[in-house]
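Between the sequences and the hints, there should be enough to build the whole structure, so can you do that?
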Amino acid sequence: MTIEVGRLVASTIADAASVALEHEPVPADQVVSGAPTTGHLVLDDDGGRVVGVWEMTPGAMHDTEADEVFVVLAGAATVEFQHPVADPIILGPGSVVRLTAGTRTIWTVRQTLRKVYVAP
Numbered sequence: 001m002t003i004e005v006g007r008l009v010a011s012t013i014a015d016a017a018s019v020a021l022e023h024e025p026v027p028a029d030q031v032v033s034g035a036p037t038t039g040h041l042v043l044d045d046d047g048g049r050v051v052g053v054w055e056m057t058p059g060a061m062h063d064t065e066a067d068e069v070f071v072v073l074a075g076a077a078t079v080e081f082q083h084p085v086a087d088p089i090i091l092g093p094g095s096v097v098r099l100t101a102g103t104r105t106i107w108t109v110r111q112t113l114r115k116v117y118v119a120p
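The opening position of the sequence shown corresponds to residue 1 in UniProt numbering, with each subsequent residue numbered one higher.
Certain hints may be false.
Label-pair ranges, simulated between beta-carbon atoms [to be verified]:
| # | residue 1 | residue 2 | range |
| --- | --- | --- | --- |
| 1 | Asp45 | Glu65 | 16 to 24 Å |
| 2 | Ser33 | Pro93 | 18 to 26 Å |
| 3 | Arg49 | Gly92 | 20 to 28 Å |
| 4 | Arg110 | Gln82 | 14 to 22 Å |
| 5 | Glu24 | Ala101 | 16 to 24 Å |
| 6 | Ser33 | Asp87 | 30 to 38 Å |
| 7 | Ile90 | Leu21 | 17 to 25 Å |
Hints were generated in silico from the structure; no laboratory data involved.
Beta carbons: idealized from backbone N, C-alpha and C, even for Gly.
What follows is the structure, given as structure tokens:
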């Protein structure tokens with residue numbers, strides 16, 4: 001993979017499924033259960049949109065979402081929608097989801113979840 005300061009070099013490949021991510025513990029005020037960690041890497045940022053990889057280990061956490069579309073590469077999780085209220089979704093490899101900025105969620109990860117996301 002060739003990345004120059006947050007930009008993929010044209011005509012190269014990024015292996016989002018195996019790229020190494022540095023993890024940090026989820027802040028205590030966001031943890032619902034377990035001791036989850038998250039890691040991410042920005043693959044491309046052209047100022048108009050960001051493409052990246054994000055991963056979370058097993059556990060549960062509260063989050064407030066940004067506008068994004070993502071595709072799950074690996075893992076298993078459930079996302080519950082606290083506000084606005086909506087039915088929970090079950091995530092697995094191949095799931096494609098759009099989230100809206102400001103949506104409050106609870107992510108419960110059963111198997112380490114890795115996704116590629118695109119955000120404005």
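The hints, checked one at a time:
no. : hint                          : in the structure
1   : Asp45 with Glu65: 16 to 24 Å  : 19 Å, holds
2   : Ser33 with Pro93: 18 to 26 Å  : 23 Å, holds
3   : Arg49 with Gly92: 20 to 28 Å  : 25 Å, holds
4   : Arg110 with Gln82: 14 to 22 Å : 19 Å, holds
5   : Glu24 with Ala101: 16 to 24 Å : 23 Å, holds
6   : Ser33 with Asp87: 30 to 38 Å  : 21 Å, violated
7   : Ile90 with Leu21: 17 to 25 Å  : 23 Å, holds
Checked against the numbered hints given earlier, the structure breaks only hint 6 and satisfies all the rest.
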